[in-house]
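In the order they appear, the protein sequences are chains X and S. Residue numbering for the first sequence follows the working numbering, starting at 3 and increasing by one per position. Residue numbering for the second sequence follows the working numbering, starting at 6 and increasing by one per position.
Don't take each hint at face value.
Stated by the list, open to error - Lysine-lysine pairs mimicking DSBU-like chemistry, simulated, CA-CA at most 30 Å apart: (1) LYS219/X x LYS20/X; (2) LYS133/X x LYS178/S; (3) LYS130/S x LYS133/X; (4) LYS131/S x LYS133/X; (5) LYS210/S x LYS127/S; (6) LYS178/S x LYS127/S; (7) LYS201/S x LYS133/X; (8) LYS88/S x LYS147/S; (9) LYS178/S x LYS147/S; (10) LYS210/S x LYS88/S; (11) LYS130/S x LYS201/S; (12) LYS133/X x LYS127/S; (13) LYS52/X x LYS184/X; (14) LYS52/X x LYS219/X; (15) LYS162/X x LYS130/S; (16) LYS20/X x LYS133/X; (17) LYS219/X x LYS133/X; (18) LYS210/S x LYS178/S.
Source of the hints: derived by calculation from the structure; they are not laboratory data.
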Amino acid sequence: MFLTVIGALNEGFLQTLKLFAVTLIGAIPLGLVVSFGSMSSFLPLRWLTKTVVWIIRGTPLMLQLIIIFYIPGYVLPGGSPWPSGEGGRFLASAVAFIINYACYFSEIYRGGIQGVPVGQQEAGQVLGMTKSQIFFHVTLLQMVKRIVPPMSNEIITLVKDTSIARIISMQEIIWAGYAFLKGSHGYSGLLWPLFFTGVYYLVFNGALTLLFGWVEKKLAYFR
Amino acid sequence: MAILDVQNIEKHFGATRVLEDISFSLEQGQALAIIGSSGSGKTTLLRCLNFLETPNQGRILVNGETLFDAADPATQREAEVRKKRLHFGLVFQSFNLFPQYTALENVTLAPRLLAQERPDFKQNKKTILEQIQAEGQELLQKMGLSDRAGHFPCQLSGGQQQRVAIARALALKPDILCFDEPTSALDPELTGEVLKVIRALAEQKTTMIIVTHEMAFARDVADQVIFMDGGVIVEQGPARQVIECPREERTRQFLSRYSEN
Ligand SMILES: Nc1ncnc2c1ncn2[C@@H]1O[C@H](COP(=O)(O)OP(=O)(O)OP(=O)(O)O)[C@@H](O)[C@H]1O
Ligand SMILES: [Mg+2]
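Isolated chain X (complex conformation) (with noise of 0.2 Å):
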């Protein structure tokens, strides 16, 4: 019985780790993308991001996913564009979550871009730089610095969020342990499977907290 448990949480935590990988994959760029979007000085392109993040900020994850899953359906005259099945439920959580995390983290990028103090930039522009040599060159690395802590903070949180995806029954570790108690795999009304599950997102979550440690750490050398 253990090793049938085991077998099925390994399973769904492999759902929920492509669907952590998938989301930081597309987020942490788009977030670059909407944090430029906000601080852009073309006001209605500011105003139309900073409408969308304050949407998506100000609702819950869980809704924003049940509307990209369900509602495309109704209202495209093909019906659904999602696959069907698993395949499909992932596509649309990853879209979900990656839309919902670019908004969080261009937060804490604009954060970290306006927290590097305008001398720098100066700097570079004196020294005849283009604004893109002066973002990659001199601004970059010491807004990564800055955003570690605050990163950290939102990655660690994707790891358990992932688990909302069960909402559109995308079969994830929780959805995994949870079948034991419903039933399946000849099991029903079995509940440590289900609490079982908090050890894998402990682990990997200090997997994570021990990397972020080891990131600050390499970026201690400036200040």
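Model the placement of chain S with the ligands on the given structure of chain X, informed by the hints.
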């Protein structure tokens, strides 16, 4: 012909006039000191010369070429402004070194980025970069910092940081090097080492504009002195004359505050 010709510069921030009808010129190899009380517009003037602020009126000519003309928007295009900045160097009061780079990297970063625009960069990449590296080392040596090349700014004293900043500005070989109160952020015992390198630059006939509150230094090192008050040039002339026997009452009042203590 003057290397720098500033004609009728005006700058306002909203309704406040910060610079009014500023005109002066500077000969190749000369040092100009700008003195004046706090808020008189000295920093703003240097920022205008370095294209960090856009004057509302006036013209800036270098070697007879019009770099900026408030009446001609064609002189204000972003891409060209970037190149025009290279005529000037600016050393900030607060150093503004890049904290994530070593002293040497601070000095070589801009030359390396600029070299990428050279048409022969791909073929001669290695020699070009080696040369930039060697020039950077040499500049740090001139600043008395050869043994600090690998140090990060946070590992350097204020005086050392400011000397790295001077080397960084010199690395692009500007026609005119501007200093904005280069020693004001330093402890008194560290100002000497920075003033010494600026003095050495003056002896080597580097064209410079130095905003400073060090009157004795201005008198000894500068060829010309400008006294500013309330956004206008009150008096300009040979350094010794302006500081030792000023013509204007306002200059006298200002200078008397320095001789008292
Ligand atoms: N970005 C700005 N917006 C509005 N006012 C400004 C701005 N920059 C400078 N000023 C004003 O312009 C005036 C001149 O400032 P500036 O910094 O050029 O003086 P300064 O002579 O360098 O003074 P200090 O000796 O204190 O450095 C001041 O009254 C200042 O408040
Ligand atoms: Mg000033």
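These are the hints, each one checked on the structure:
Note on LYS219/X and LYS20/X: the hinted pairing holds, with a Cα-Cα distance of about 28 Å set against a maximum of 30 Å. Taken as a hint, the LYS133/X and LYS178/S pair is honoured in the structure, with Cα atoms around 21 Å apart against an allowance of 30 Å. Restraint check for LYS130/S and LYS133/X: satisfied, since their Cα atoms lie roughly 23 Å apart, inside the 30 Å limit. Between LYS131/S and LYS133/X, the direct Cα distance comes to roughly 26 Å. Compliance with the 30 Å bound is thereby established for this hinted pair.
Of the supplied pair hints, the one linking LYS210/S and LYS127/S is violated, its CA atoms being roughly 35 Å apart against a limit of 30 Å. Between LYS178/S and LYS127/S, the direct Cα distance comes to roughly 23 Å. Compliance with the 30 Å bound is thereby established for this hinted pair. For the given pair, LYS201/S sits about 34 Å from LYS133/X by alpha-carbon distance, which is inconsistent with the 30 Å threshold. Proximity of LYS88/S to LYS147/S is assessed by CA-CA distance (about 26 Å); at most 30 Å being required, the pair is judged to hold.
For the hint linking LYS178/S to LYS147/S, the alpha-carbon distance of about 14 Å falls within 30 Å, and the restraint holds. Restraint check for LYS210/S and LYS88/S: the C-alpha separation of about 24 Å stays at or below 30 Å, so the hint holds. This hinted pair does not check out: LYS130/S and LYS201/S have alpha carbons roughly 36 Å apart, beyond 30 Å. With a C-alpha separation of about 23 Å, the suggested pair LYS133/X and LYS127/S falls inside the 30 Å cut-off, and the hint holds.
This hinted pair does not check out: LYS52/X and LYS184/X have alpha carbons roughly 43 Å apart, beyond 30 Å. Distance check on the hinted pair: LYS52/X and LYS219/X sit about 33 Å apart at the alpha-carbon level, beyond 30 Å; violated. At roughly 49 Å between alpha-carbon atoms, LYS162/X and LYS130/S are farther apart than 30 Å, so this suggested pair is violated. Between the alpha carbons of LYS20/X and LYS133/X the distance comes to roughly 36 Å, so the proposed pair goes past 30 Å and is violated.
Between LYS219/X and LYS133/X the CA atoms are separated by roughly 29 Å; this keeps the pair inside 30 Å, and the hint holds. At roughly 13 Å between alpha-carbon atoms, LYS210/S and LYS178/S fall within 30 Å of each other, so this suggested pair holds.
Going down the numbered hints, you'll see the structure goes against 5, 7, 11, 13, 14, 15 and 16, while the others check out.
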